[in-house]
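Residue numbers (numbering that gives the first Met the number 0): 0 to 122.
The reader is advised that the hints may include incorrect statements.
Said to hold, decoys possible - Lysine to aspartate or glutamate pairs mimicking EDC-like chemistry, simulated, CA-CA at most 20 Å apart:
#, residue 1, residue 2
1, LYS4, GLU71
2, LYS112, GLU24
3, LYS4, GLU47
4, LYS114, GLU24
Just so you know, the hints here were simulated from the structure itself, not pulled from any lab data.
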Amino acid sequence: MAWTKASQGMVDLFHACLPEGPGLERRRMFGQPCAFVNGNMFAGLLQEVAFARLPPTLHAALDAEFGVRHFEPMPGRPMRAYVVLPDAVLEDEGRYSELLQAAYAFTSAMPPKDKKPRKPRKT
Numbered sequence: 000m001a002w003t004k005a006s007q008g009m010v011d012l013f014h015a016c017l018p019e020g021p022g023l024e025r026r027r028m029f030g031q032p033c034a035f036v037n038g039n040m041f042a043g044l045l046q047e048v049a050f051a052r053l054p055p056t057l058h059a060a061l062d063a064e065f066g067v068r069h070f071e072p073m074p075g076r077p078m079r080a081y082v083v084l085p086d087a088v089l090e091d092e093g094r095y096s097e098l099l100q101a102a103y104a105f106t107s108a109m110p111p112k113d114k115k116p117r118k119p120r121k122t
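Put together the whole structure using the sequences plus the hints.
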């Protein structure tokens, strides 16, 4: 399955709205920009979709306002801890920043993920 990359404008907006803080790491997942705190992913992009791991209260509030859906990187494989952020949120840079800050704070309260040792390459 070939994925298209997120537009440069969307990538720039994502990076501009990311909070700064201890343990924050920017790296790629799904070949797209994502943000992690203490090894746990809290937000990212996949094609033209922005997603975030939000506290249940914010998830419910967004759902009541927009009818949001769970992030599903592959059909039939939802990542229920993550919500797809509606276009209306992405069009409001301040609100997008607030939601990413909330996602960062919520995820930073989780226990750090242990790094798994890399598997040796097959030759």
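So, going through the hints one by one against the coordinates:
{"no.": "1", "hint": "LYS4 / GLU71", "in the structure": "holds, 16 Å"}
{"no.": "2", "hint": "LYS112 / GLU24", "in the structure": "holds, 13 Å"}
{"no.": "3", "hint": "LYS4 / GLU47", "in the structure": "holds, 8 Å"}
{"no.": "4", "hint": "LYS114 / GLU24", "in the structure": "holds, 14 Å"}
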